[in-house]
Amino acid sequence: MEGMEYLYVPGLPELVPLEIGLTLMANKGPSSPNIIDLLDWQDFPDHYIMVLQRPSPCLSVFKLLESCGNIFEERFARYVMRQVIEAAETCCRRGVFHRDIKLENLIVNTHTMDVTLIDFGCGNLFHETEYHTFSGTEMYCPPEFFETGKYLARPATVYSLGVLLYTMVCGYMPDYTDREKMQHWLWYLPSLSCECSHLINACLHPDPSERIQLEQILLHDWFTITASDMEDERPVLIMQEELISQAC
Numbered sequence: 718m719e720g721m722e723y724l725y726v727p728g729l730p731e732l733v734p735l736e737i738g739l740t741l742m743a744n745k746g747p748s749s750p751n752i753i754d755l756l757d758w759q760d761f762p763d764h765y766i767m768v769l770q771r772p773s774p775c776l777s778v779f780k781l782l783e784s785c786g787n788i789f790e791e792r793f794a795r796y797v798m799r800q801v802i803e804a805a806e807t808c809c810r811r812g813v814f815h816r817d818i819k820l821e822n823l824i825v826n827t828h829t830m831d832v833t834l835i836d837f838g839c840g841n842l843f844h845e846t847e848y849h850t851f852s853g854t855e856m857y858c859p860p861e862f863f864e865t866g867k868y869l870a871r872p873a874t875v876y877s878l879g880v881l882l883y884t885m886v887c888g889y890m891p892d893y894t895d896r897e898k899m900q901h902w903l904w905y906l907p908s909l910s911c912e913c914s915h916l917i918n919a920c921l922h923p924d925p926s927e928r929i930q931l932e933q934i935l936l937h938d939w940f941t942i943t944a945s946d947m948e949d950e951r952p953v954l955i956m957q958e959e960l961i962s963q964a965c
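Position 201 of the sequence shown, counted from 1, bears residue number 918 in the working numbering, the numbering being contiguous throughout.
Worth flagging that the hints you see were computed from the coordinates, not collected in a lab.
Heads up, some of the hints might be wrong.
Dumping the calculated SDA-like pairs for lysine to any residue here, alpha-carbon to alpha-carbon at most 20 Å [said to hold, decoys possible]:
1. Lys819 x Thr846
2. Lys867 x Cys839
3. Lys819 x Leu769
4. Lys780 x Tyr889
5. Lys867 x Glu927
6. Lys819 x Cys785
7. Lys819 x Ser777
8. Lys898 x Ser914
9. Lys867 x Ser908
10. Lys745 x Glu806
11. Lys819 x Asp754
12. Lys819 x Arg871
13. Lys819 x Gln930
14. Lys780 x Met767
15. Lys867 x Glu803
16. Lys819 x Leu724
17. Lys819 x Glu783
18. Lys745 x Glu803
19. Lys898 x Thr850
20. Lys745 x Ser777
21. Lys819 x Cys839
22. Lys745 x Leu729
23. Lys780 x Leu820
24. Lys745 x Leu732
25. Lys745 x Met767
Values in this document were obtained by computation on a predicted structure and should not be read as measured data.
Construct the complete structure from the given sequences, taking the supplied hints into account.
Structure representation (structure tokens):
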């Protein structure tokens, strides 16, 4: 297909379209319930077809958030974020830079509550050097790209995860005044725990060198909950499941 990027994936006899190749690479190794599985594909001269796993029943996190009044309780947001972060880490380890992690590209199996990352159409091969073009959703784009025209994969992924968390617990997207406060580590929201506010600040800091590292996010205090907190988390999930059933 003219203008289409193709990719060599070890083990395949010929080049495949980039999106297909990235999806296959993200699934190399042990199966992950948090990454969409490519079941089959067909490449034609002017288009390609992908047959993808579809959890049933399922709902996008975007639609789920809408059904919950555009805000998740922290404990449910943590439940979602843990799975998304694990998916992001897996992609990077397997050589894939998703580049479009957002509410619309996450689906929830409403029976198992597994969260799955979908749509590698904006992705690229992962590398440690700088990227000079951006493909994805502007509101999730790291600020360093607008300022310098370049960015690194891991800090950019952390930034998109920060936008995701912010939106789920605040009910709206971060704006310029938020970023000004984050520059000086002054951002917080009274309705959130100190740990949650700190993690958001750590993910969304305008300086990529000041951001928390991707591999450190799950070690943050917000995720190191106590046994009693774990006991309290289940009723919240049950409540969210009831909201999900109403939205389906």
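Hint check:
Taking the CA atoms of Lys819 and Thr846, the gap is near 23 Å; set against the 20 Å cutoff, the hint is violated. For a cut-off of 20 Å, the pair hint linking Lys867 to Cys839 stands: about 16 Å separates their Cα positions. For the suggested pair Lys819 and Leu769, the alpha carbons sit about 19 Å apart, so the restraint of at most 20 Å is met. About 14 Å separates the Cα atoms of Lys780 and Tyr889, which keeps this hinted pair within 20 Å; it holds.
Simply put, Lys867 and Glu927 have alpha-carbon atoms about 16 Å apart, close enough for the 20 Å limit, and the pair holds. Distance hint between Lys819 and Cys785 is fulfilled; the C-alpha atoms sit about 17 Å from each other, no more than 20 Å. The hinted pair formed by Lys819 and Ser777 meets the criterion: a straight-line CA distance of about 10 Å does not exceed 20 Å. Proximity of Lys898 to Ser914 is assessed by CA-CA distance (about 12 Å); at most 20 Å being required, the pair is judged to hold.
Between Lys867 and Ser908, the direct Cα distance comes to roughly 35 Å. Violation of the 20 Å bound is thereby established for this hinted pair. For the hint pairing Lys745 with Glu806, the CA-to-CA distance comes to about 14 Å; that is within 20 Å, so the pair holds. Restraint check: the Cα-Cα separation between Lys819 and Asp754 comes to about 18 Å, which is no more than 20 Å; the hinted pair holds. For a cut-off of 20 Å, the pair hint linking Lys819 to Arg871 stands: about 15 Å separates their Cα positions.
For the hint pairing Lys819 with Gln930, the CA-to-CA distance comes to about 19 Å; that is within 20 Å, so the pair holds. At most 20 Å may separate the alpha-carbon atoms for a hinted pair to count; Lys780 and Met767 exceed this at roughly 23 Å. For the proposed pair Lys867 and Glu803, the alpha carbon gap of about 25 Å is over 20 Å, so the pair is violated. In summary, the hint linking Lys819 to Leu724 is not supported, as the alpha carbons are separated by about 24 Å, beyond the 20 Å threshold.
Between Lys819 and Glu783 the alpha-carbon distance is near 14 Å, which keeps this suggested pair within the 20 Å criterion. Distance check on the hinted pair: Lys745 and Glu803 sit about 15 Å apart at the alpha-carbon level, within 20 Å; holds. Restraint check for Lys898 and Thr850: the C-alpha separation of about 27 Å exceeds 20 Å, so the hint is violated. Between Lys745 and Ser777 the alpha-carbon distance is near 24 Å, which puts this suggested pair outside the 20 Å criterion.
At most 20 Å may separate the alpha-carbon atoms for a hinted pair to count; Lys819 and Cys839 meet this at roughly 12 Å. A C-alpha spacing of about 13 Å is found between Lys745 and Leu729, which places the hinted pair at or below 20 Å, so the restraint holds. Pair hint Lys780 plus Leu820 holds up; C-alpha atoms about 8 Å apart against a cutoff of 20 Å. Straight-line distance between C-alpha atoms of Lys745 and Leu732 comes to about 17 Å, which keeps the hinted pair within the 20 Å bound.
Between the alpha carbons of Lys745 and Met767 the distance comes to roughly 17 Å, so the proposed pair stays at or under 20 Å and holds.
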